[in-house]
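With these hints in hand, go ahead and build the complete structure from the sequences.
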Amino acid sequence: MKENAILTYILKGVGIVAGVAQVVAGYLYKGYLRQGYEKGFESLGFDKKTGNLVYGGVDIALSGYGLLRNILKPEAWRLFKYINQDYIRSYKNMNGYALGFEIGVDGITIKSTYDSYNE
Numbered sequence: 001m002k003e004n005a006i007l008t009y010i011l012k013g014v015g016i017v018a019g020v021a022q023v024v025a026g027y028l029y030k031g032y033l034r035q036g037y038e039k040g041f042e043s044l045g046f047d048k049k050t051g052n053l054v055y056g057g058v059d060i061a062l063s064g065y066g067l068l069r070n071i072l073k074p075e076a077w078r079l080f081k082y083i084n085q086d087y088i089r090s091y092k093n094m095n096g097y098a099l100g101f102e103i104g105v106d107g108i109t110i111k112s113t114y115d116s117y118n119e
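Sequential numbering of the sequence shown, starting at 1, is according to this note's numbering.
Calculated directly from the structure, the hints in this document are not laboratory data.
C-beta: ideal position from N, C-alpha, C; glycine also.
A couple of the hints might just be wrong.
Lysine-lysine pairs mimicking DSSO-like chemistry, simulated, CA-CA at most 27 Å apart [claimed, not checked]: (1) Lys81 / Lys111; (2) Lys111 / Lys30; (3) Lys111 / Lys49; (4) Lys73 / Lys92; (5) Lys49 / Lys39; (6) Lys48 / Lys92; (7) Lys30 / Lys48; (8) Lys92 / Lys81; (9) Lys111 / Lys39; (10) Lys30 / Lys49.
Simulated restraints, written as ranges between beta carbons of each label pair [said to hold, decoys possible]: (11) Gly104 / Pro74: 43 to 53 Å; (12) Val58 / Leu79: 35 to 45 Å; (13) Tyr91 / Leu33: 43 to 53 Å; (14) Asn118 / Phe80: 48 to 58 Å; (15) Gly100 / Val58: 19 to 29 Å; (16) Leu79 / Asn118: 48 to 58 Å; (17) Ile108 / Lys39: 47 to 57 Å; (18) Gly45 / Asn95: 39 to 49 Å.
Structure follows, in structure tokens:
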């Protein structure tokens, strides 16, 4: 459980840095990772749109994995090995606000990826 807390703190920190950069640089700010995808795909002979599309796809895929992966039930306890009944899908462990927020952010990602591809 401790490694999840550390990962959460790292992701929150990255989000804060990206948010501050977006406020300072303006609405059209692109993060370092998105720029890396764009430059990487340009070096492979594709255009920036393809890099943005792949970036959005990876973002949605990782979000879906995070929502659908199996996690231990809070009351699960075994001495040696956990069994299938000890696991639940992670979205079942989320409250309604967190799940709604995650779905909303994924919707925004889908829309922005669609819009950037159709420019």
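These are the hints, each one checked on the structure:
1. A distance of roughly 43 Å separates the Cα atoms of Lys81 and Lys111; the hinted pair therefore is violated under the 27 Å criterion.
2. In summary, the hint linking Lys111 to Lys30 is supported, as the alpha carbons are separated by about 16 Å, within the 27 Å threshold.
3. Of the pairs offered as hints, the one joining Lys111 and Lys49 holds, with about 14 Å between alpha carbons and a cut-off of 27 Å not exceeded.
4. Taking the CA atoms of Lys73 and Lys92, the gap is near 10 Å; set against the 27 Å cutoff, the hint holds.
5. Restraint check for Lys49 and Lys39: satisfied, since their Cα atoms lie roughly 11 Å apart, inside the 27 Å limit.
6. Restraint check: the Cα-Cα separation between Lys48 and Lys92 comes to about 37 Å, which exceeds 27 Å; the hinted pair is violated.
7. Proximity of Lys30 to Lys48 is assessed by CA-CA distance (about 12 Å); at most 27 Å being required, the pair is judged to hold.
8. With a C-alpha separation of about 22 Å, the suggested pair Lys92 and Lys81 falls inside the 27 Å cut-off, and the hint holds.
9. Among the hinted pairs, Lys111 with Lys39 is consistent with the structure: their alpha-carbon atoms are about 22 Å apart, no more than 27 Å.
10. Only pairs whose Cα atoms come within 27 Å are accepted, and Lys30 paired with Lys49 is accepted, the gap being roughly 13 Å.
11. Against the hinted window of 43 to 53 Å, the Cβ-Cβ separation of Gly104 and Pro74 comes to about 25 Å, which falls outside the hint.
12. Range check, Val58 to Leu79: Cβ separation about 39 Å, and the 35 to 45 Å hint holds.
13. Checked against the hint of 43 to 53 Å, the C-beta distance between Tyr91 and Leu33 comes to roughly 25 Å, which is inconsistent with it.
14. Taking 48 to 58 Å as the suggested C-beta distance range, the pair Asn118 and Phe80 conforms, at roughly 54 Å.
15. Checked against the hint of 19 to 29 Å, the C-beta distance between Gly100 and Val58 comes to roughly 23 Å, which is consistent with it.
16. At about 56 Å, the CB distance of Leu79 to Asn118 agrees with the hint of 48 to 58 Å.
17. With their beta carbons about 24 Å apart, Ile108 and Lys39 fall outside the hinted range of 47 to 57 Å.
18. The hint said 39 to 49 Å for the Cβ distance between Gly45 and Asn95, and at roughly 45 Å that hint holds.
This entry does not satisfy hints 1, 6, 11, 13 and 17, going by the numbered hints stated previously.
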